[in-house]
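Generate the whole structure from the sequences, applying the supplied hints.
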Amino acid sequence: AQTVTQSQPEMSVQEAETVTLSCTYDTSESDYYLFWYKQPPSRQMILVIRQEAYKQQNATENRFSVNFQKAAKSFSLKISDSQLGDAAMYFCAYRSARGTYKYIFGTGTRLKVLA
Amino acid sequence: EPEVTQTPSHQVTQMGQEVILRCVPISNHLYFYWYRQILGQKVEFLVSFYNNEISEKSEIFDDQFSVERPDGSNFTLKIRSTKLEDSAMYFCASKTSQGAGGTEAFFGQGTRLTVV
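Going line by line, the protein sequences match chains E and G. Adding 215 to a residue's 1-based position in the first sequence gives its number in the numbering used here. Adding 2 to a residue's 1-based position in the second sequence gives its number in the numbering used here.
If you're looking for bench data, these hints aren't it; they were derived computationally from the structure. Built from N, CA and C at the ideal position, the CB exists for glycine as well. Do not take every clue at face value.
Pairwise CB distance ranges (calculated) [said to hold, decoys possible]:
| # | chain 1 | residue 1 | chain 2 | residue 2 | range |
| --- | --- | --- | --- | --- | --- |
| 1 | E | Asn277 | G | Gly42 | 28 to 34 Å |
| 2 | E | Glu225 | G | Glu55 | 37 to 43 Å |
| 3 | G | Gln43 | E | Phe279 | 21 to 27 Å |
| 4 | G | Pro4 | E | Gln271 | 30 to 36 Å |
| 5 | E | Leu329 | G | Ser11 | 26 to 32 Å |
| 6 | G | Ser68 | E | Leu329 | 45 to 51 Å |
| 7 | G | Thr9 | E | Ser295 | 20 to 26 Å |
| 8 | E | Thr220 | G | Glu87 | 22 to 28 Å |
| 9 | E | Glu244 | G | Gln13 | 44 to 50 Å |
| 10 | G | Gln43 | E | Leu329 | 33 to 39 Å |
| 11 | E | Gln298 | G | Ser60 | 31 to 37 Å |
| 12 | G | Gln16 | E | Arg258 | 21 to 27 Å |
| 13 | G | Thr98 | E | Thr218 | 23 to 29 Å |
Short derived list, chain E residues pointing at chain G, Cβ under 8 Å [to be verified]:
| # | residue |
| --- | --- |
| 14 | Arg265 |
| 15 | Ala268 |
| 16 | Lys317 |
This is how it looks when you write it as structure tokens:
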């Protein structure tokens with residue numbers, strides 16, 4: 216069975232600085248997708264970025280980028296130029312490329328942005 | 003932009019009562035899901051639904067739970083006899099099907115269920 220681990224329950228970053236959130240996963244599959252979701256206090260799940268396992272190039276979305284290390288099963292999220300609006304819970308998620316496509320989430324990292 | 007819509011946003015119910023949580027997935031999507039998040043904990047998969055039947059369910063999804071797509075647009079989660087531990091945020095999600103897995107799932111804004 217697949218698992219997703221986020222070992223940082225909470226992180227803090229100064230406004231305008233860069234922060235990296237860690238995520239590791241375990242799977243025996245070769246084809247899958249990885250995601251980072253943001254959950255602000257409203258508790259809505261908002262997609263931040265996704266990575267296809269078959270792509271070697273790391274995904275980027277504006278200030279958000281990932282460091283995808285397939286062999287190490289590591290998928291970290293880097294937030295550059297942190298803004299107050301980035302403060303939220305961040306969940307790493309895994310999804311197989313076959314079957315029912317259900318998501319498996321990590322336990323989340325709460326990010327605080329300090330003014 | 004299309005979105006998944008859930009109603010109600012907050013439901014309070016007495017223990018032992020039945021509740022129905024409603025979701026309107028994105029219209030051309032084919033896969034539907036319910037997830038649960040107990041306060042302060044991670045998001046957990048409950049059930050997936052495809053082609054008018056359950057395709058996978060977790061251990062949490064016991065006989066007290068059922069899902070239905072009654073009219074081709076709504077997707078409902080019913081809890082027959084609620085327990086205190088059913089108090090959680092319930093998220094509906096839907097996904098289209100394109101190629102090898104297609105796009106990401108789109109999540110609704112959630113229904114906060116409080117059992118008293």
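Here's how the hints hold up against the structure:
no., hint, result
1, E:Asn277 to G:Gly42: 28 to 34 Å, "29 Å, holds"
2, E:Glu225 to G:Glu55: 37 to 43 Å, "41 Å, holds"
3, G:Gln43 to E:Phe279: 21 to 27 Å, "25 Å, holds"
4, G:Pro4 to E:Gln271: 30 to 36 Å, "31 Å, holds"
5, E:Leu329 to G:Ser11: 26 to 32 Å, "31 Å, holds"
6, G:Ser68 to E:Leu329: 45 to 51 Å, "46 Å, holds"
7, G:Thr9 to E:Ser295: 20 to 26 Å, "38 Å, violated"
8, E:Thr220 to G:Glu87: 22 to 28 Å, "25 Å, holds"
9, E:Glu244 to G:Gln13: 44 to 50 Å, "37 Å, violated"
10, G:Gln43 to E:Leu329: 33 to 39 Å, "26 Å, violated"
11, E:Gln298 to G:Ser60: 31 to 37 Å, "36 Å, holds"
12, G:Gln16 to E:Arg258: 21 to 27 Å, "23 Å, holds"
13, G:Thr98 to E:Thr218: 23 to 29 Å, "27 Å, holds"
14, Arg265, "6 Å, holds"
15, Ala268, "10 Å, violated"
16, Lys317, "5 Å, holds"
Of the numbered hints given earlier, the model fails hints 7, 9, 10, 15; all others are met.
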